[in-house]
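Student: Each chain is listed here by its residues.
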Amino acid sequence: MIDKARKAAKRLSAALGDGLIEVVEDGRGVVARIEPGALHTALDALRNDSSTPFEMLAHETAIDWSNWPKDAGHAKDNKRFSLIYNLFSISTRTRIFLEIDLAEGQTAPSATEHFASANWAEREIYDMFGIKFTGHPDLRRILMWEGFEGHPLRKDFPRHGINPQDFPQE
Amino acid sequence: MKDTNIGMSSQVISGSLEEAAALVRDMKKPGALEKFVDWARMHSLWPIPFSTACCAIEFMGMVSSQTDVSRFGAEFVRFTPRQCDLMIVSGTIVNKMAPVLKKIYDQMAEPKWVISMGSCANCGGMFNTYSVLQGVDRIIPVDYYVPGCPPRPEAVIYAMLELQKQIGRESGVLSSKERQRDFWVYGINGRGQTPKSRILHGERK
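One line per chain: the protein sequences are U and Z, in this order.
Per this note's numbering, residue 1 is the first one in the first sequence, and the count goes up by one each step.
Per this note's numbering, residue 1 is the first one in the second sequence, and the count goes up by one each step.
Note that these hints are calculated values from the structure, not bench results.
These figures come from a predicted structure and were not determined experimentally.
A few of these clues could be false.
As the list claims (entries may be wrong) - When the alpha-carbon atoms are kept at most 25 Å apart in a straight line, the in silico SDA-like pairs for lysine to any residue are as follows:
id, chain 1, residue 1, chain 2, residue 2
1, Z, K96, U, D166
2, Z, K103, U, Q169
3, Z, K103, U, T61
4, Z, K102, Z, R71
5, U, K132, U, E25
6, Z, K102, U, G130
7, Z, K96, U, G130
8, U, K7, U, M128
9, Z, K96, U, H151
10, Z, K96, U, K7
11, Z, K102, Z, S51
12, U, K155, Z, K103
13, Z, K102, U, P164
14, Z, K165, Z, A22
15, Z, K96, U, R159
16, U, K155, Z, K96
17, Z, K103, U, E146
18, U, K155, Z, K102
19, Z, K102, U, Q169
20, U, K155, U, E99
21, Z, K96, U, L139
22, Z, K96, U, G147
Work the whole structure out from these sequences, hints included.
Tutor: Here it is as structure tokens:
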């Protein structure tokens with residue numbers, strides 16, 4: 001399976017050109033790190049790939065690197081967040097990961113026009129990390145209520161919330 | 001209520017006909033009607049479960065055959081608040097759920113009592129975070145707190161028996177507001193306050 005993912009990453013790098021930063025392999029498998037602007041091209045290329053079409057966006061999530069040392073991992077270049085796209089090819093049982101790095105306040109392109117399952121995932125990322133997506137049809141909070149202050153999975157969010165005992169308005 | 005084995009027992013101890021007959025015989029004495037009302041109430045509690053987490057499983061154990069709560073006159077679990085007078089909050093209440101809990105409590109008919117079952121309902125338990133209500137007593141008044149994570153069914157039955165004793169001492173009060181008037185400040189969307197003193201209603205002056 002990982003061979004198919006490696007080959008798919010090669011075809012992806014041909015399609016993206018400069019948009020691709022690097023292809024790495026770690027415990028997850030094949031991970032392609034790309035520029036935010038190349039996301040639409042990458043998702044389109046992977047979804048309509050000739051031999052391993054990645055039909056499903058299994059998961060989309062984010063990481064806040066802000067409590068990491070400045071020179072380590074993804075925290076360098078002042079990129080605070082990483083978005084991770086977990087794509088799965090049902091027909092060939094192959095998995096590939098996309099990663100894009102975002103600075104504080106930077107908006108990300110929405111994956112909803114390629115995968116409907118990105119809708120709620122991106123709402124959750126917006127709710128928990130405060131990352132905004134351009135092109136999302138309905139970017140509201142999904143777990144916390146409207147009017148909740150702060151984004152809980154940011155590393156600088158206080159454990160008890162900004163306004164403890166703040167309840168949703170009826 | 002005498003000492004009883006509240007674990008495995010087939011003994012039915014809820015209000016007996018003899019007790020009722022004695023109450024009716026003394027009906028001309030002052031305060032007898034209130035006593036009768038208390039007696040009737042304490043042996044016909046109608047619980048509503050507000051079950052949101054694993055304590056609900058213990059609650060199911062409590063109402064089913066092994067530790068049968070109906071022996072103590074609280075047998076019909078109803079799922080509409082309008083038919084109930086005892087709310088058993090069993091489980092974690094998140095802040096998003098808090099207005100729902102308050103609304104359901106408000107919909108219950110007077111007089112009404114609340115048992116907070118388990119650590120989460122008592123004080124937030126292990127979930128000391130932004131999203132979890134740190135104790136249901138911040139939004140509704142609680143009569144009995146049952147510790148445990150989750151508490152055994154016998155513990156909740158014990159709380160219910162204690163509650164029955166308390167109802168027996170209440171001299172026919174009409175509403176829970178009447179009972180809780182001077183030491184209870186609670187609310188939602190205001191800052192919820194824990195009570196200054198957790199005096200049991202019957203012992204209040």
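Student: Now tell me if each hint is right for this structure.
Tutor: The hints, checked one at a time:
no. : hint            : in the structure
1   : K96/Z / D166/U  : holds (9 Å)
2   : K103/Z / Q169/U : holds (12 Å)
3   : K103/Z / T61/U  : violated (35 Å)
4   : K102/Z / R71/Z  : violated (30 Å)
5   : K132/U / E25/U  : violated (28 Å)
6   : K102/Z / G130/U : violated (30 Å)
7   : K96/Z / G130/U  : holds (19 Å)
8   : K7/U / M128/U   : violated (34 Å)
9   : K96/Z / H151/U  : holds (15 Å)
10  : K96/Z / K7/U    : violated (47 Å)
11  : K102/Z / S51/Z  : holds (14 Å)
12  : K155/U / K103/Z : violated (34 Å)
13  : K102/Z / P164/U : holds (18 Å)
14  : K165/Z / A22/Z  : holds (18 Å)
15  : K96/Z / R159/U  : holds (17 Å)
16  : K155/U / K96/Z  : holds (22 Å)
17  : K103/Z / E146/U : holds (19 Å)
18  : K155/U / K102/Z : violated (32 Å)
19  : K102/Z / Q169/U : holds (12 Å)
20  : K155/U / E99/U  : holds (20 Å)
21  : K96/Z / L139/U  : holds (19 Å)
22  : K96/Z / G147/U  : holds (12 Å)
Consistency note: the structure conflicts with the earlier hints numbered 3, 4, 5, 6, 8, 10, 12, 18.
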